[in-house]
Amino acid sequence: MKFDLCAKLHESNPLVHCITNYVTVNDCANILLASGSSPIMADEPEEAAEMTAICSGLVLNIGTLNARTIPAMLSAGKKAHELGHPVLLDPVGAGATRLRTDTAIRILEEVRPDVIRGNISEIKTLALGSGTTRGVDAAEADKVTEENLDPVVAWAKGLAEKTNAVIVITGAIDIAADSKKAYIIRNGHPMMASITGSGCMLSAYMGAAICAKADNKTEACAQCLCAMGVAGERAYAKLQKMDGGNSTYRDLLIDEVYKMTDAVLVQEAKYEVR
Amino acid sequence: MKFDLCAKLHESNPLVHCITNYVTVNDCANILLASGSSPIMADEPEEAAEMTAICSGLVLNIGTLNARTIPAMLSAGKKAHELGHPVLLDPVGAGATRLRTDTAIRILEEVRPDVIRGNISEIKTLALGSGTTRGVDAAEADKVTEENLDPVVAWAKGLAEKTNAVIVITGAIDIAADSKKAYIIRNGHPMMASITGSGCMLSAYMGAAICAKADNKTEACAQCLCAMGVAGERAYAKLQKMDGGNSTYRDLLIDEVYKMTDAVLVQEAKYEVR
Amino acid sequence: MKFDLCAKLHESNPLVHCITNYVTVNDCANILLASGSSPIMADEPEEAAEMTAICSGLVLNIGTLNARTIPAMLSAGKKAHELGHPVLLDPVGAGATRLRTDTAIRILEEVRPDVIRGNISEIKTLALGSGTTRGVDAAEADKVTEENLDPVVAWAKGLAEKTNAVIVITGAIDIAADSKKAYIIRNGHPMMASITGSGCMLSAYMGAAICAKADNKTEACAQCLCAMGVAGERAYAKLQKMDGGNSTYRDLLIDEVYKMTDAVLVQEAKYEVR
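Just so you know, the sequences run in chain order A, B and C. Quick note on the numbering used here: the first sequence kicks off at 20 and runs consecutively. Quick note on the numbering used here: the second sequence kicks off at 20 and runs consecutively. Quick note on the numbering used here: the third sequence kicks off at 20 and runs consecutively.
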């Protein structure tokens with residue numbers, strides 16, 4: 020894999036429309052800016068489709084979905100799909116409540132996103148129509164390990180074929196799979212789970228990545244996973260020198276995305292193809 | 020008082036449902052993670068009760084209440100009460116507008132929270148049904164001082180008896196009172212008033228504390244007040260070496276909660292019982 | 020121009036009501052606290068007018084406007100105008116969608132704000148009723164340069180006369196114009212564009228400034244532009260020593276507003292009058 024995501028993001032500066040939760044929205048906007056892209060957040064149904072039309076891509080994150088934002092997601096999603104803009108779905112908390120599961124499935128069916136990114140429990144919920152999500156974290160029984168990696172990868176490829184989307188499953192080991200090929204990424208740091216929004220930020224970043232590398236979205240997702248993971252490792256190394264905690268870590272993580280280059284990824288990315 | 024809150028939070032890792040304002044929600048999520056617990060934010064009436072059912076406790080914060088979130092708070096609050104989950108009410112700005120006062124009183128009556136945490140003006144408003152709150156800050160005339168401490172403590176105990184809730188009044192001096200016993204805490208730093216959300220963060224943290232120490236909620240609140248206050252002092256000491264301002268202070272405050280241990284509290288907590 | 024904004028803000032500690040977007044609301048609250056003023060966010064139509072009545076001024080920011088917050092903005096705006104409270108409008112993204120353009124114009128006509136602050140594309144949209152905004156950033160063709168500065172200043176003065184508002188146009192060069200006089204400010208740093216909300220934060224800060232210096236709002240805006248720009252420069256100098264990125268820069272920027280004094284502005288402000 021030739022690392023070119025960082026260069027392509029800075030060259031193309033994609034404008035990414037995010038309909039996302041209010042918990043981590045500021046971090047999502049800042050990580051998009053850090054990556055070389057630009058954010059726009061707009062979730063009113065009356066303007067969602069019109070706004071997405073002037074953007075390059077769309078990120079739908081159901082983290083704090085509500086009766087007003089669900090129609091906005093569907094409206095923007097359909098318009099983006101119609102215009103050929105890349106769309107990413109982050110089904111935050113799918114499986115935790117009926118509303119989340121139903122909404123995620125409805126977006127999947129009506130919008131047909133190009134990429135679906137979640138933890139293993141959320142992705143399983145989407146595939147099965149029900150789930151065991153513990154709030155917004157993956158259930159212990161679902162976790163991807165070196166032992167169950169092969170069957171999970173095979174299953175992800177099958178889901179990618181069925182949905183015609185790149186399936187991105189994140190956790191200690193990350194997977195980006197299309198129907199034929201899966202990238203396995205082993206970057207990242209456990210400290211990333213100690214801040215809110217590392218998943219949401221990754222989804223925003225990845226939404227930009229699939230705009231910048233629209234001709235190869237699987238690789239775009241894989242490179243983005245490497246970049247986020249390496250940023251997490253570098254931020255942790257920096258944090259150690261500062262005696263900081265999770266809030267400082269959040270800033271350092273975004274900072275490291277800001278400083279990320281393809282040359283760093285060539286050196287530090289840990290991935291394989293299965 | 021035997022300090023065991025930090026250990027208990029990290030052991031039990033409670034999942035805390037917050038229906039809270041969008042101003043400080045990210046900080047609330049990060050302080051919950053810092054404390055060893057996990058946050059979930061969900062404020063759509065359609066899913067609020069279902070979401071709270073899979074959590075350990077509930078925090079209701081009316082900082083940016085609206086026509087959609089008020090029913091969500093009532094619905095989740097009643098479900099949590101029914102399931103025996105600890106519920107904390109933060110009546111942000113009660114007394115400032117009729118809607119806030121009425122909503123806080125309605126939650127008090129219909130949900131019967133286990134803990135009510137606010138500044139003295141907000142708590143007075145709840146007790147009297149009207150108030151003198153200046154926006155979200157306490158009115159000067161209301162402030163708790165060493166001089167009026169005894170009558171305020173007696174009054175808080177009476178309100179605790181009447182509401183069957185632990186009454187937590189925060190300011191330069193903090194009070195956590197049930198009908199029989201009140202803890203007076205003298206930790207903290209004036210710099211905490213220079214950032215938005217120090218009260219909201221405390222409420223989120225305390226919502227986790229009463230999950231982790233559900234058998235003694237008054238002590239849980241008192242230990243949480245000590246922990247937040249000590250974190251504020253330590254963050255200030257660190258800030259002095261950095262020549263920073265209020266935004267850096269916010270990060271340092273959450274960082275210090277992340278690093279907090281019961282051993283530190285044994286050394287640095289300043290409290291008495293009245 | 021005698022710099023007295025910092026002193027006046029700390030003396031008068033204005034309470035500023037913000038109906039603003041959820042992306043940058045936390046930063047807006049923290050910059051208000053940094054400046055010596057106090058924030059209150061409240062966007063429910065039922066309480067918006069009542070809340071604004073107990074405040075000193077009002078900031079209306081349409082960054083994530085929706086069907087619920089638009090009536091809140093109009094209601095609070097009219098009440099503030101009626102009470103003689105200074106009102107600032109930030110028409111975020113006007114020109115990007117019909118809803119934003121129409122809402123900004125409606126606020127302009129029905130509320131008659133004292134100050135309108137935006138980038139050149141947003142302000143042009145307000146003047147013309149349509150625009151070329153690229154999301155929330157100014158269109159390249161619109162940008163203010165040393166070459167087109169004189170006609171832009173003349174045009175801004177005309178718009179100020181027509182709207183009876185101070186017109187504040189920000190970018191690499193900042194302008195604060197009333198019908199007779201325009202301040203041109205050349206402080207600031209390109210890094211400010213790498214974080215979300217530098218415009219929103221400036222609007223919040225400026226909303227406080229026109230409360231503290233209500234007798235000369237044009238000068239209040241000009242001093243606020245100098246203060247924000249100098250803070251941006253100082254934050255960048257500090258960032259250089261820290262090898263940080265855009266997220267750390269955000270904290271440093273707010274920190275520098277926290278530390279800002281009129282004496283610093285006397286030394287470092289770069290402005291002229293045309």
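Check before you lean on any hint, since a few could be wrong.
As the list claims (entries may be wrong) - Cut-off 20 angstroms, straight-line C-alpha distance, at most; resulting in silico cross-link-like pairs (PhoX-like, lysine-lysine):
1) 257(A) - 21(B)
2) 257(B) - 257(A)
3) 260(B) - 289(B)
4) 21(C) - 257(A)
5) 181(B) - 21(B)
6) 257(B) - 278(B)
7) 260(B) - 260(A)
8) 260(C) - 260(B)
9) 260(B) - 257(C)
10) 278(B) - 257(A)
11) 200(A) - 21(A)
12) 257(B) - 257(C)
13) 257(B) - 27(C)
14) 260(A) - 176(B)
15) 257(C) - 278(A)
16) 289(C) - 257(A)
17) 176(B) - 162(B)
18) 200(B) - 181(B)
19) 278(C) - 289(C)
20) 27(C) - 278(C)
21) 27(C) - 260(A)
22) 289(C) - 260(B)
23) 257(B) - 278(C)
24) 260(A) - 278(B)
25) 27(A) - 278(A)
26) 289(C) - 21(C)
27) 260(A) - 260(C)
28) 260(C) - 278(A)
Since the hints were made in silico from the structure, they are not lab data. In this text the structure is predicted, and so the values were computed from the model without any measurement.
Each hint tested on the structure:
| no. | hint | in the structure |
| --- | --- | --- |
| 1 | 257(A) - 21(B) | 35 angstroms, violated |
| 2 | 257(B) - 257(A) | 17 angstroms, holds |
| 3 | 260(B) - 289(B) | 24 angstroms, violated |
| 4 | 21(C) - 257(A) | 43 angstroms, violated |
| 5 | 181(B) - 21(B) | 28 angstroms, violated |
| 6 | 257(B) - 278(B) | 13 angstroms, holds |
| 7 | 260(B) - 260(A) | 15 angstroms, holds |
| 8 | 260(C) - 260(B) | 15 angstroms, holds |
| 9 | 260(B) - 257(C) | 14 angstroms, holds |
| 10 | 278(B) - 257(A) | 17 angstroms, holds |
| 11 | 200(A) - 21(A) | 16 angstroms, holds |
| 12 | 257(B) - 257(C) | 17 angstroms, holds |
| 13 | 257(B) - 27(C) | 29 angstroms, violated |
| 14 | 260(A) - 176(B) | 46 angstroms, violated |
| 15 | 257(C) - 278(A) | 17 angstroms, holds |
| 16 | 289(C) - 257(A) | 36 angstroms, violated |
| 17 | 176(B) - 162(B) | 17 angstroms, holds |
| 18 | 200(B) - 181(B) | 14 angstroms, holds |
| 19 | 278(C) - 289(C) | 19 angstroms, holds |
| 20 | 27(C) - 278(C) | 15 angstroms, holds |
| 21 | 27(C) - 260(A) | 40 angstroms, violated |
| 22 | 289(C) - 260(B) | 31 angstroms, violated |
| 23 | 257(B) - 278(C) | 17 angstroms, holds |
| 24 | 260(A) - 278(B) | 15 angstroms, holds |
| 25 | 27(A) - 278(A) | 15 angstroms, holds |
| 26 | 289(C) - 21(C) | 13 angstroms, holds |
| 27 | 260(A) - 260(C) | 15 angstroms, holds |
| 28 | 260(C) - 278(A) | 15 angstroms, holds |
The structure shown violates the earlier hints numbered 1, 3, 4, 5, 13, 14, 16, 21, 22.
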